[in-house]
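Colleague: Sequence:
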Amino acid sequence: MKKKAKGSRAWSRILATQALYQLSLNKNIDTSIVKKNLLKDKETKNIPDKRFFSKLINETIKNKKELDKKLENAVAKKNFSKMETIIKVILELGVCEIIYFKDLSYKISIAEYNKVGNSFLNKNEVGLINGILDQIAKNITNEWIRSYKKNFLSI
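Going by our numbering, the sequence shown opens with residue 290, and the numbers climb by one from there.
It is possible that part of the hints are untrue.
Claimed, not checked - With beta-carbon atoms standing in for the labels, derived distance ranges:
#: 1; residue 1: 350; residue 2: 297; range: 13 to 23 Å
#: 2; residue 1: 313; residue 2: 423; range: 17 to 27 Å
#: 3; residue 1: 428; residue 2: 330; range: 33 to 43 Å
#: 4; residue 1: 353; residue 2: 393; range: 13 to 23 Å
#: 5; residue 1: 430; residue 2: 326; range: 34 to 44 Å
#: 6; residue 1: 328; residue 2: 371; range: 28 to 38 Å
#: 7; residue 1: 333; residue 2: 313; range: 14 to 24 Å
#: 8; residue 1: 411; residue 2: 370; range: 18 to 28 Å
Said to hold, decoys possible - Using 16 Å as the maximum straight-line C-alpha spacing, the simulated EDC-like pairs for lysine to aspartate or glutamate come out as follows:
#: 9; residue 1: 371; residue 2: 357
#: 10; residue 1: 377; residue 2: 357
#: 11; residue 1: 404; residue 2: 392
#: 12; residue 1: 358; residue 2: 432
#: 13; residue 1: 396; residue 2: 423
#: 14; residue 1: 404; residue 2: 432
#: 15; residue 1: 412; residue 2: 373
#: 16; residue 1: 377; residue 2: 392
Because the hints were derived from the structure by calculation, they are not lab data.
Predicted, not measured: the structure shown is a model, and the values here were computed from it.
Beta carbons: idealized from backbone N, C-alpha and C, even for Gly.
Full structure from sequences and hints, please.
Modeller: Okay, structure coming up:
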């Protein structure tokens with residue numbers, strides 16, 4: 290049985306948002322330095338789930354093009370490119386979690402990124418994030434169902 294990691298996934302999501310925001314503003318920063326600096330911050334009593342934090346950042350960076358494509362399809366391309374960086378970062382993390390973290394319900398991921406949004410954004414922007422993540426989750430679910438039917442029901 291896997292040993293449960295100590296630390297908060299909710300806090301990990303906040304830190305991952307900060308990390309990707311920093312990386313998007315400064316392309317020359319080393320990812321490992323940003324992660325290390327955020328994890329060693331002792332000004333808060335919150336403790337992140339370090340494994341979840343690293344996986345979330347790594348998967349989001351590795352799959353950024355695919356994530357952005359899904360977001361551009363859910364939102365008009367022009368609108369996505371004009372969105373504030375912090376909103377894009379939160380959406381990328383949320384979509385990454387919905388697609389690549391199969392052990393989590395997409396409903397939980399959406400709720401968690403609404404909470405992340407509340408830490409950085411106003412109520413209307415949080416509503417925007419909720420709507421976009423919900424639409425993408427439904428699109429992905431429909432894609433999986435079509436794929437399942439195509440691959441397994443045609444046998």
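Colleague: A separate judgement is required for each hint: does it hold in the structure or not?
Modeller: Outcome of the hint check:
no. : hint                    : result
1   : 350 <-> 297: 13 to 23 Å : holds (22 Å)
2   : 313 <-> 423: 17 to 27 Å : holds (24 Å)
3   : 428 <-> 330: 33 to 43 Å : holds (36 Å)
4   : 353 <-> 393: 13 to 23 Å : holds (20 Å)
5   : 430 <-> 326: 34 to 44 Å : holds (37 Å)
6   : 328 <-> 371: 28 to 38 Å : holds (32 Å)
7   : 333 <-> 313: 14 to 24 Å : holds (23 Å)
8   : 411 <-> 370: 18 to 28 Å : holds (21 Å)
9   : 371 <-> 357             : holds (13 Å)
10  : 377 <-> 357             : holds (9 Å)
11  : 404 <-> 392             : violated (20 Å)
12  : 358 <-> 432             : holds (15 Å)
13  : 396 <-> 423             : holds (8 Å)
14  : 404 <-> 432             : violated (27 Å)
15  : 412 <-> 373             : holds (15 Å)
16  : 377 <-> 392             : violated (24 Å)
Of the numbered hints listed earlier, those contradicted by the structure are 11, 14, 16.
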